[in-house]
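Trainee: Sequence:
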Amino acid sequence: MLWHPEVFAQTEQTLMSNESNYVLTKNSKVRLQSNDFFGYFTRVQGRISTNDSSQVTCFDLVIDVNSLTFNMEGMAQHAKSADFFDAGNYPTITFFGKDMVLTDSTTSVDGMMRAKGVEIEKNIPFTVLFMPKNVVKLEAAFSIKRSDFGIGDIDVVSDEVLVFAELLAKKK
Numbered sequence: 000m001l002w003h004p005e006v007f008a009q010t011e012q013t014l015m016s017n018e019s020n021y022v023l024t025k026n027s028k029v030r031l032q033s034n035d036f037f038g039y040f041t042r043v044q045g046r047i048s049t050n051d052s053s054q055v056t057c058f059d060l061v062i063d064v065n066s067l068t069f070n071m072e073g074m075a076q077h078a079k080s081a082d083f084f085d086a087g088n089y090p091t092i093t094f095f096g097k098d099m100v101l102t103d104s105t106t107s108v109d110g111m112m113r114a115k116g117v118e119i120e121k122n123i124p125f126t127v128l129f130m131p132k133n134v135v136k137l138e139a140a141f142s143i144k145r146s147d148f149g150i151g152d153i154d155v156v157s158d159e160v161l162v163f164a165e166l167l168a169k170k171k
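Here numbering that gives the first Met the number 0 is used: position 146 in the sequence shown is 145, and no number is missing along the way.
Don't read these hints as lab results, they were simulated from the structure.
In this text, all values refer to a predicted model and were calculated from it rather than measured experimentally.
A virtual CB, placed ideally from N, CA and C, is assigned to each residue, including glycine.
Certain hints may be false.
[As the list claims (entries may be wrong)] Calculated pairs, EDC-like style, for lysine to aspartate or glutamate (alpha carbon to alpha carbon, straight line, at most 20 angstroms):
| # | residue 1 | residue 2 |
| --- | --- | --- |
| 1 | Lys121 | Asp154 |
| 2 | Lys25 | Glu165 |
| 3 | Lys25 | Asp109 |
| 4 | Lys115 | Asp147 |
| 5 | Lys79 | Glu18 |
| 6 | Lys115 | Asp152 |
| 7 | Lys97 | Glu138 |
| 8 | Lys170 | Glu18 |
| 9 | Lys28 | Glu138 |
| 10 | Lys97 | Glu18 |
| 11 | Lys144 | Glu118 |
| 12 | Lys97 | Asp82 |
| 13 | Lys28 | Asp103 |
| 14 | Lys132 | Asp63 |
| 15 | Lys79 | Asp147 |
| 16 | Lys79 | Asp63 |
| 17 | Lys170 | Asp51 |
| 18 | Lys121 | Asp109 |
| 19 | Lys144 | Asp109 |
| 20 | Lys97 | Asp51 |
| 21 | Lys171 | Glu18 |
| 22 | Lys115 | Asp85 |
| 23 | Lys97 | Asp85 |
| 24 | Lys115 | Asp51 |
| 25 | Lys132 | Glu165 |
| 26 | Lys28 | Asp63 |
| 27 | Lys121 | Asp158 |
| 28 | Lys136 | Asp35 |
| 29 | Lys115 | Asp154 |
| 30 | Lys144 | Asp51 |
| 31 | Lys79 | Glu159 |
| 32 | Lys144 | Asp35 |
[Said to hold, decoys possible] Now the in silico label distances, taken between C-beta atoms and shown as ranges:
| # | residue 1 | residue 2 | range |
| --- | --- | --- | --- |
| 33 | Ser52 | Ile153 | 37 to 47 angstroms |
| 34 | Ser53 | His77 | 38 to 48 angstroms |
| 35 | Gln76 | Ser104 | 36 to 46 angstroms |
| 36 | Asp103 | Val155 | 33 to 43 angstroms |
Whole structure, please, built from the sequences with the hints as guidance.
Mentor: Dropping the structure here:
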């Protein structure tokens with residue numbers, strides 16, 4: 000199971016009981032792209048919370064590193080090794096959003112991202128679309144530096160990686 004008890008407990012603490020809560024579906028995915036490669040994490044779990052005004056108030060995300068696939072044969076196995084993500088010791092990447100930042104033109108969330116045992120503050124801009132059948136679609140695009148998390152040698156492939164998340168969630 001993807002959820003670790005301590006991760007689930009932290010997620011439960013960040014969501015308010017008086018808000019509408021949505022759970023990510025199996026159709027959610029996170030894409031990675033650089034000048035050298037592109038790939039997907041296909042097992043993504045998490046929750047999105049909205050208030051009475053249909054504004055996102057929180058979202059939490061847990062990515063299964065072992066679900067990573069790439070466009071090049073053999074690259075996924077190498078990326079999961081201790082040289083890069085070290086999936087054996089760090090099987091998940093997490094993001095726990097804590098503060099929403101709303102402006103006239105953008106919405107973003109400040110939170111803590113953890114990968115390969117390193118935790119950093121990250122601001123992630125996103126858009127949200129309320130769809131039929133109590134489904135919410137959240138899309139985010141941002142970049143990370145692999146070196147910030149100690150993921151791989153920066154001389155091997157691009158340090159900067161674009162991350163595109165397409166998260167579909169069903170009302171709980």
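Trainee: Under the criterion that the straight-line Cα-Cα distance not exceed 20 angstroms, is the pair lysine 97, aspartate 51 satisfied?
Mentor: holds, 18 angstroms
Trainee: Please verify whether lysine 121 and aspartate 109 have alpha carbons no more than 20 angstroms apart.
Mentor: Measuring from Cα to Cα gives roughly 6 angstroms; hence the hint holds.
Trainee: So if I understand the rule, the pair passes when the alpha-carbon distance is 20 angstroms or less; does lysine 115 with aspartate 152 pass?
Mentor: holds, 14 angstroms
Trainee: Is it true that the CA of lysine 144 sits at most 20 angstroms from the CA of aspartate 35?
Mentor: The given pair, whose Cα atoms are some 14 angstroms apart, holds under the 20 angstroms limit.
Trainee: For the pair supplied as a hint, lysine 25 and glutamate 165, confirm whether the alpha-carbon distance does not exceed 20 angstroms.
Mentor: holds, 11 angstroms
Trainee: With the threshold set at 20 angstroms, check whether the alpha-carbon distance from lysine 115 to aspartate 154 stays at or below it.
Mentor: Answer holds: lysine 115 to aspartate 154 is near 19 angstroms, not above 20 angstroms.
Trainee: Would the pair lysine 115 and aspartate 147 pass a check requiring their Cα atoms to be no farther apart than 20 angstroms?
Mentor: holds, 10 angstroms
Trainee: Is lysine 79 close enough to aspartate 147, meaning Cα to Cα at most 20 angstroms?
Mentor: holds, 17 angstroms
Trainee: Is lysine 97 within 20 angstroms of aspartate 82, Cα to Cα?
Mentor: At roughly 31 angstroms apart (the allowed maximum being 20 angstroms), aspartate 82 and lysine 97 break the hint.
Trainee: Between lysine 121 and aspartate 154, does the CA-CA distance stay at or below 20 angstroms?
Mentor: violated, 24 angstroms
Trainee: For the pair supplied as a hint, lysine 136 and aspartate 35, is the alpha-carbon distance within the 20 angstroms limit?
Mentor: With Cα atoms ~29 angstroms apart, lysine 136 and aspartate 35 exceed 20 angstroms; violated.
Trainee: Taking 20 angstroms as the top limit, are the C-alpha atoms of lysine 132 and aspartate 63 close enough?
Mentor: At roughly 27 angstroms apart (the allowed maximum being 20 angstroms), aspartate 63 and lysine 132 break the hint.
Against the hints set out earlier in the document, violations occur for numbers 1, 3, 5, 12, 13, 14, 23, 24, 28, 30.
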